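**Q** These are the residues of each chain, in order.
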Amino acid sequence: MSTKQGTVPGSSLTPIRLTWLLMALVVVTLAISFFMGRYPTPYFTSPAALVNDLMARSLVLNLRVPRILTAFLLGIVLSASGTVFQLVFRNPLVDSGFLGVSPGAAFGASVAIVLLGGRSATIQLCAAGFAMLGLLGSAFLARQVRFGDWTLRLVLAGIAVSALYTSATGVLKYVADPVRQLPDITFWMLGGLWAITWRDLLQILPVVIPSLIVIYLMRWRLNLLSMRDETAFSLGATPGRERFVLLLAATASAAALVSKCGQVGWVGLIIPHIARRLLGSDARHVVPGSMLLGSLFVLWCDDVARTVLTGEIPLGILTSFVGAAFFLTMLTHRRVGVQR
Amino acid sequence: MSARPAISLRNVVFGYEPERAHVLNGLEAEVPAGKVTALLGPNGSGKTTLLHLILGLLQPTSGEVLLEGRPARDYTRKELSHTLGLVPQQEQVVFDITVAEYVLLGRAPHLGLLQLPSDEDLTVVEQSMAEAGMAGFRARAVPSLSGGEKQLATIARALAQRPAMFLLDEPTSHLDIGNRRRVLQLMRRLADGAHTVVFTTNDPNSAAAICDEVILMRGGRILAAGPIADTLTAEHLSATYGVDVEVITVHNRPLVVTH
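One line per chain: the protein sequences are A and B, in this order.
So the first sequence is numbered by the numbering used here: it starts at 2 and just counts up by one.
So the second sequence is numbered by the numbering used here: it starts at 293 and just counts up by one.
It is possible that some hints are incorrect.
Said to hold, decoys possible - Stretches of chain B that chain A covers, calculated by requiring three or more beta carbons in the stretch to come under 8 Å of a beta carbon on chain A: (1) 339-351; (2) 379-387.
Said to hold, decoys possible - So the derived list for chain A, only partly shown, Cβ under 7 Å to chain B, looks like this: (3) ARG91; (4) TRP221; (5) ASN224; (6) ARG229; (7) GLU231; (8) THR232; (9) PHE234; (10) SER235; (11) GLY237; (12) SER282; (13) ASP283.
Note that these hints are calculated values from the structure, not bench results.
What you are looking at is a predicted structure, and each value in this text was computed from that prediction instead of being measured.
A virtual CB, placed ideally from N, CA and C, is assigned to each residue, including glycine.
Extracted from the complex, chain B is given alone in its bound form (with noise of 0.2 Å):
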């Protein structure tokens, strides 16, 4: 594992409105790079805020959040747009693009305000595509693709961004088995091409299949954090979930079972 973490969270506090409770409270975890690491827990438990806040969409009400060990604060606009790339949970494209021409949205960070893309950013875009297995969609227009297509050109246009890390929220939600495991692998092979990737869900079994690590979150705060062997476990999940689990191992992965 390599020394320095992706990701810091040092005490991290965040709240919508100041009178108001608290979303996230004191938040301590750290991501490695290179890993994926899943935030899992029920609905409501805070995760897309927590996902906000690394993104800098948000700031932390107090403490901080680290990137590659600086403050994410001290990080300009751009910077943040090469380090992170986000997958929304549900993306709205009201126009009907193409995906190509979507994917090619990816690119805008390393472009100025009025830069046109070039050749060069319509071979990534190519790439990107194929990487994501979306090279056939090129010409479709973006809300025509159904649920997992729109995830994967999603992905792809993620890819096109040519981040460090990757966040994506729910990226499993509402998809059939197959396109399930399509993204599940998808996300595997960009950790283990020195990627780090971090996504949020409220399914066990998604973290169980890839993942690296897990913080468990619960009602704005982290149950447990750390190697999915140490997390995932039935006396962990049922403390987050509420309800009696089981862990077994099918093919070397656990697999959570409810009763």
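Isolated chain A, as found in the complex (with noise of 0.2 Å):
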């Protein structure tokens, strides 16, 4: 069995165990998570202190608790979703970023701030709006290119709509007032889960629950999808539709997230990637794998963000800095398990 099924290169463990293993990683780095922060002392909060202080009880029920479950969600959602762009585009340089959603998120942000208020649940439905817009907008655009295959016009498509979203973004910075609303984008952008509460998990769970479970059942059929049209199709697919079913199921699950969060970088990029290294490329294991590794990878920046400062770090820039970092050493040191 484990020979047809594959080992993971390098090692005697089957996915499916590791799939375990990373598993029970995850539910240990949530136990730890819940006893981390800066209140009522720095770095650990002893058990003994939820118990007797009511304050610190308080704290970590209502604030640390939804925060770090939402940082599990973030994880799972980028990194999916990351996986299904990468596949579905045959493009191991793609995530959810893509195809208009970042830039369309920011946008509806930062509308939300100069021009309407500025009120968190502005912003939130903007940057969730404005993101699903991106997507239905380089859909619609590419059925309007005459040439190349469905993959290459809806890349093109994405191009042209971030960059409309990003000029955009650009004049609304320029007339942003410097003292007030500047800094609110700039600090948006730089992602951070500081703010969340349970009404904002409760809020995005319709909507990230359904397509989790979309992308996890269509797990298999996604290395299908990867195949190009002519050969998806003789193998009883019908690219097209099943491809959008999954796209937008990542999408709207990262804008869901990403209009509550902000700009959490380089998650849905790099996660794929350590995936396909610890299990092997076949989708029905490198889709859990990622599920997991990118909300472990999570959990430990906002982790580090919320405790290692007094005051605290956004955790895009950490995402970023760590996963760039982690990029580069790959790109240097092995090659990143894909070819052309």
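With the hints as a guide, dock the two chains, each given alone in a separate frame, to form the complex.
**A** Now the structure itself:
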């Protein structure tokens, strides 16, 4: 059986065993994260304090727990949608920021901050709305392009939509009040989880849970959809429609989280590569592996972001820094697990 | 020969753009079941387009393709993928999936949208890899294979699909003579096992080596079609390729030589 399924490169672990191991690691990380923070004592909150200190208990339950669960979801969603994007576009260098989703969210947040008063609910709604509009706009434009296959057309449309959003965001930054509004835009773009409440978490679940279920259930199918149209079609798939469903799930869930957390970069790009290195390239194992590795990565980064300094480090800075450093190491030390 | 042809073309016309000239003009031919048929012609004669029309990836502008006597457009996607296995001209596998994982994709037509492959599917994969002589490569990454190995892996994937007919697009181009021979023999074995095999090629000798039937194409039209003895003649080939050729017989098979 292990020869048929393939073993993990460089070890005797099967992908399934390694996935269980990662799952255990996520549970342990989640458990430890609940006891990490700056209050009531720096770095580590003793279980005794949670029993005796009412203030500490209330802070942990109302602020720290939803924040940690959101970090957990953020890692799962960004990595899962990154994996979907890379497979569907047959390109290891894309993630859900592609197709105008991230620039759309940034534009939406800027509109809310500069033109609509900047209440957090407005920011979230605008960010999610314009992110989805980015995807739909790209898909619509792709249908108008008269050459190339579906993927190439969508890539070109995505680049165009992203460029439009980025320039429009530039205009908003230019006219924004440099004292009140510009810092808000900048801070939102750096990404972070400091403002997350139970309400925020519950609001995104109706979008996130169904999307993740679709991606997880179609994980083996993703192998097929990463083939060229001709091949996918001959094997009974309806490539355009099935890819669109997966991209919609990937984008909607990512947009929901980005609207709450701001731009948290590099997770969706780097985690699928690590998952492929550990578990092989079969999407059946890469999808769950990415989800678990992504949640580990974001949980660790957020633990550092909120624990190490008295002031909080924006999460997006940490993930980008660690992600890019990791990517460079992978590029220079071994091949990335893909070939052209 | 069985009474009902595997594939029939009824006055098939096709153009990519309505306002531009047609790529295929009034194709009329029959592909007998259980035989190897070559679509032979120079580059750009419309062979791949015709293969895509048979596959259902493209729809004819007018005319009709029949599969086992039934209009292809009446087939559901699932029925089509159970009937026709495709070996495309240049498969691009970007990620490092193994040969076994790649061949397993051939089981997709037999699985539901959300269904995972079973042990039975894995057994079919093992058989298909063995049939294509790729059993020793099961753990190798597809992008690391040579051209010939990749072609055999793709044929193994089509075998795992267990279709009645195989469509192969230029299966022998870019191959050295060893791998070319391996691929040709495999196609011959498939037909001897009662499968219908159709392949495109621009090389008359690939067709001459194993074919029962030849459809000669040039400029989107069929110049000649039928048993190899009647079609693979010096006269027809000269008209198709625009050069003088001679057809000699070696070991009871025709061999095409140019001067």
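**Q** Hint by hint, which ones does the structure fall short of?
**A** none
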